[in-house]
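Visitor: Note that the protein sequences, when read in sequence, are chains A and B. The first sequence begins at 3 in our numbering and counts up by one. The second sequence begins at 25 in our numbering and counts up by one.
Calculated from the structure, these hints are not laboratory results. Here a beta-carbon is modelled for each residue, glycine too, at the ideal position from N, C-alpha and C. Heads up, a few of these hints could be off.
Computed list of chain B residues with no C-beta within reach of chain A, every gap over 10 Å [as the list claims (entries may be wrong)]:
| no. | residue |
| --- | --- |
| 1 | 50 |
| 2 | 84 |
| 3 | 89 |
| 4 | 358 |
| 5 | 405 |
Only pairs whose alpha carbons sit at most 35 Å apart, straight line, appear in this in silico DSBU-like list of lysine-lysine [stated by the list, open to error]:
| no. | chain 1 | residue 1 | chain 2 | residue 2 |
| --- | --- | --- | --- | --- |
| 6 | B | 59 | A | 90 |
| 7 | A | 16 | A | 109 |
| 8 | B | 112 | B | 97 |
| 9 | B | 97 | A | 109 |
| 10 | A | 86 | A | 109 |
| 11 | B | 112 | A | 109 |
| 12 | B | 97 | B | 357 |
| 13 | A | 78 | A | 16 |
| 14 | B | 357 | A | 109 |
| 15 | B | 59 | B | 357 |
| 16 | A | 16 | A | 90 |
| 17 | A | 16 | B | 112 |
| 18 | B | 112 | B | 294 |
| 19 | A | 90 | A | 109 |
| 20 | B | 294 | B | 59 |
| 21 | A | 90 | A | 78 |
| 22 | B | 177 | A | 16 |
| 23 | A | 16 | A | 86 |
| 24 | B | 357 | B | 294 |
| 25 | A | 90 | B | 439 |
| 26 | A | 109 | A | 78 |
| 27 | A | 16 | B | 59 |
One side of the interface only, derived from the structure: several residues of chain A facing chain B at Cβ under 8 Å [to be verified]:
| no. | residue |
| --- | --- |
| 28 | 8 |
| 29 | 10 |
| 30 | 27 |
| 31 | 29 |
| 32 | 38 |
| 33 | 39 |
| 34 | 43 |
| 35 | 59 |
| 36 | 61 |
| 37 | 63 |
| 38 | 105 |
| 39 | 110 |
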Amino acid sequence: MDDLYREYILEHYKHPHNNGRIENPTVSHEEYNPLCGDRIVMDLLIVDEAIQDIRFMGEGCAISQASASILTDEVKGIPVEEAKAFSKEQLLDLIGIPLERNPVRLKCALLSLKTLKVALYGANNIQDNDLD
Amino acid sequence: MIGQISMLEPAHLSIFDVVSIRRVFPILHQEMNGKPLAFLDSAASSQKPRCVIESLEDYYRRYNANVHRGIYKLSEEATFAYERARGKVARFINAASPREVVFVRNATEAINLVAYSWGDANIRAGDRILLTVMEHHSNIVPWQMLAQRTGAKLDYIQIDGEGRLVLEDLDRLLTEQTKMVAVVHQSNTLGTINPIRMIAERAHAVGAVMLADIAQSAPHMPIDVQALGVDFAAFSGHKMCGPTGVGALWGRRALLDAMPPFMGGGSMIKVVELDQSSYAETPNCFEAGTPAIGEAIALGEAVDFLCQTGMEQIHQYEQYLIGQALERLSEVKGLTIYGPLSVADRGAALSFTLDGVHPHDIAEVLNVEGVAVRAGHHCTQPLHRLLNVPATTRASFYLYNLPEEIDRLVHGLEKAQRIFA
Numbered sequence: 003m004d005d006l007y008r009e010y011i012l013e014h015y016k017h018p019h020n021n022g023r024i025e026n027p028t029v030s031h032e033e034y035n036p037l038c039g040d041r042i043v044m045d046l047l048i049v050d051e052a053i054q055d056i057r058f059m060g061e062g063c064a065i066s067q068a069s070a071s072i073l074t075d076e077v078k079g080i081p082v083e084e085a086k087a088f089s090k091e092q093l094l095d096l097i098g099i100p101l102e103r104n105p106v107r108l109k110c111a112l113l114s115l116k117t118l119k120v121a122l123y124g125a126n127n128i129q130d131n132d133l134d
Numbered sequence: 025m026i027g028q029i030s031m032l033e034p035a036h037l038s039i040f041d042v043v044s045i046r047r048v049f050p051i052l053h054q055e056m057n058g059k060p061l062a063f064l065d066s067a068a069s070s071q072k073p074r075c076v077i078e079s080l081e082d083y084y085r086r087y088n089a090n091v092h093r094g095i096y097k098l099s100e101e102a103t104f105a106y107e108r109a110r111g112k113v114a115r116f117i118n119a120a121s122p123r124e125v126v127f128v129r130n131a132t133e134a135i136n137l138v139a140y141s142w143g144d145a146n147i148r149a150g151d152r153i154l155l156t157v158m159e160h161h162s163n164i165v166p167w168q169m170l171a172q173r174t175g176a177k178l179d180y181i182q183i184d185g186e187g188r189l190v191l192e193d194l195d196r197l198l199t200e201q202t203k204m205v206a207v208v209h210q211s212n213t214l215g216t217i218n219p220i221r222m223i224a225e226r227a228h229a230v231g232a233v234m235l236a237d238i239a240q241s242a243p244h245m246p247i248d249v250q251a252l253g254v255d256f257a258a259f260s261g262h263k264m265c266g267p268t269g270v271g272a273l274w275g276r277r278a279l280l281d282a283m284p285p286f287m288g289g290g291s292m293i294k295v296v297e298l299d300q301s302s303y304a305e306t307p308n309c310f311e312a313g314t315p316a317i318g319e320a321i322a323l324g325e326a327v328d329f330l331c332q333t334g335m336e337q338i339h340q341y342e343q344y345l346i347g348q349a350l351e352r353l354s355e356v357k358g359l360t361i362y363g364p365l366s367v368a369d370r371g372a373a374l375s376f377t378l379d380g381v382h383p384h385d386i387a388e389v390l391n392v393e394g395v396a397v398r399a400g401h402h403c404t405q406p407l408h409r410l411l412n413v414p415a416t417t418r419a420s421f422y423l424y425n426l427p428e429e430i431d432r433l434v435h436g437l438e439k440a441q442r443i444f445a
């Protein structure tokens, strides 16, 4: 746990980056984890095939909210195609805490990525087992 | 104060020897994350005493055979033990006869059995089914599905600020159209113990049938289904020191006898022809296929264990624990308890939130401290929506929990507050 709640995770949780809504988003999507009640809604402003702005609102545990903060930092300003290719391994690397053997917390950590991917691909074009 | 149980306890608790009880639960004697395991999640599933574990092994090692079939010694022994377990379970809840006890997988299956078998035969469009907002999903979804099949409507009894049912609403909610009233005896989230007998009397007054979900009460207090005045009762073995995969539906004989089968297959038949069949008598007609034989026998062993310990003694001891927990937790700043704040009519499951720390994070911090609790919605999403929280943390107690474990819970919560301050 002391591994789980490293200072920068808590920092992202308490002061999340890119928190809020975008007034006229190109696309917006909300995901919910029924197991623990975590919720993330993400707004994206896409200009010239790139994510010009991205913001999220949510409620949930430290891992889920810090993950959204870290992920939105990472994909802000990059081409949509690049964001689409962003993998769960990349996100877990960025989060940097050992979650491999903790499937419940893994779901918390990946909720933000699922929200982003569904926003970018549309719900029907996403393979759930890529993210679960 | 906590921990010195012998010094401050009334006489009936001094004879409750929790240390000896803990000795027969092998799983409790281990560390979790380097700390002694404090298992505070018995409302989800209880731990098992050695006699239950050995009973399972004894069956599989010594007399494993299918029941109600073989004309050989092993099968006869298995059948005898399986039926004897039915008798033990029947006595445990004071059923009028073992024939009123149907072995199922769990309380969920028991309720589904009633919703399909009794429900499809008795519920028509326009009929009403009365539930409460504190029900576990297992006592909501089967009735929703029945309502969707039949065109019946669902009504819900609301709760007040302390998580007790608003019984004044019964006047309005119980009508001639009400055909089924299904209520949880003890809420798995709020801990509230509901006045089942009174609700059953009111239900019967309008001609409705009453089902009690006793999954959370049967492990913790003496149960007398006849005194409760209900028509059906559902519970799970794994929450009462028994194995997973076995539970029971109790129903009044006249009701069970009039119900069509639930699942078809082996064991539940009398004569099978190519185009039709006749069915076995109650309860066999509801036990299609090979049942969980070893598990049912081990559930009988769990019932023996609980009875030897004394259900009233277990209840009293848990009342003491929950009283201590309520007192200690109410001292934690920023902590909100959901459910009754006094011990009266309250069982040993306690859900709470802590300002600034998500329930998941609380559970994670406690995990590192060796304290196992549940975080989430505890299969009561409508209740959590009503409480306006996405999730809660739940600590639940059983006969093997120590007063010191409440201390460790509180210390863990204080640690979580420090981390997230």
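Visitor: Against each hint, give a clear statement of whether it holds in the structure.
Guide: Cross-check of the supplied hints:
1. 50: Given that every Cβ of chain A is farther than 10 Å from that of residue 50 (chain B), nearest at about 24 Å, it holds.
2. 84: holds (30 Å)
3. 89: holds (38 Å)
4. 358: holds (16 Å)
5. 405: violated (8 Å)
6. B:59 / A:90: The given pair, whose Cα atoms are some 33 Å apart, holds under the 35 Å limit.
7. A:16 / A:109: holds (20 Å)
8. B:112 / B:97: Since the Cα atoms of residue 112 (chain B) and residue 97 (chain B) sit roughly 22 Å apart, the hinted pair holds (cutoff 35 Å).
9. B:97 / A:109: violated (51 Å)
10. A:86 / A:109: With a Cα-Cα distance of about 19 Å, the restraint between residue 86 (chain A) and residue 109 (chain A) holds, given a limit of 35 Å.
11. B:112 / A:109: violated (43 Å)
12. B:97 / B:357: violated (63 Å)
13. A:78 / A:16: holds (20 Å)
14. B:357 / A:109: Holds: residue 357 (chain B) and residue 109 (chain A) sit about 30 Å apart, inside 35 Å.
15. B:59 / B:357: Given that 35 Å is the threshold and the Cα spacing comes to 25 Å, the pair holds.
16. A:16 / A:90: holds (23 Å)
17. A:16 / B:112: violated (55 Å)
18. B:112 / B:294: Cα-Cα ~26 Å, so holds.
19. A:90 / A:109: holds (11 Å)
20. B:294 / B:59: Judged against 35 Å, a Cα distance of about 56 Å means the pair is violated.
21. A:90 / A:78: holds (17 Å)
22. B:177 / A:16: violated (45 Å)
23. A:16 / A:86: holds (28 Å)
24. B:357 / B:294: violated (64 Å)
25. A:90 / B:439: Between residue 90 (chain A) and residue 439 (chain B) the Cα gap is close to 31 Å, so the pair holds against 35 Å.
26. A:109 / A:78: Given that 35 Å is the threshold and the Cα spacing comes to 22 Å, the pair holds.
27. A:16 / B:59: Distance ~29 Å between residue 16 (chain A) and residue 59 (chain B) Cα, so the pair holds.
28. 8: violated (11 Å)
29. 10: Violated, because the Cβ-Cβ distance from residue 10 (chain A) to chain B comes to roughly 13 Å (cut-off 8 Å).
30. 27: violated (24 Å)
31. 29: With a minimum Cβ separation of about 25 Å from chain B (threshold 8 Å), the hint on residue 29 (chain A) is violated.
32. 38: This hint holds: residue 38 (chain A) lies near chain B, its Cβ roughly 5 Å from the closest one there, short of 8 Å.
33. 39: Residue 39 (chain A) check passes; min Cβ-Cβ to chain B is 3 Å, inside 8 Å.
34. 43: violated (14 Å)
35. 59: Interface hint status for residue 59 (chain A): violated (13 Å vs cutoff 8 Å).
36. 61: Where the cut-off is 8 Å and the nearest Cβ of chain B is about 6 Å from residue 61 (chain A), the hint holds.
37. 63: holds (4 Å)
38. 105: violated (13 Å)
39. 110: holds (7 Å)
This entry does not satisfy hints 5, 9, 11, 12, 17, 20, 22, 24, 28, 29, 30, 31, 34, 35 and 38, going by the numbered hints stated previously.
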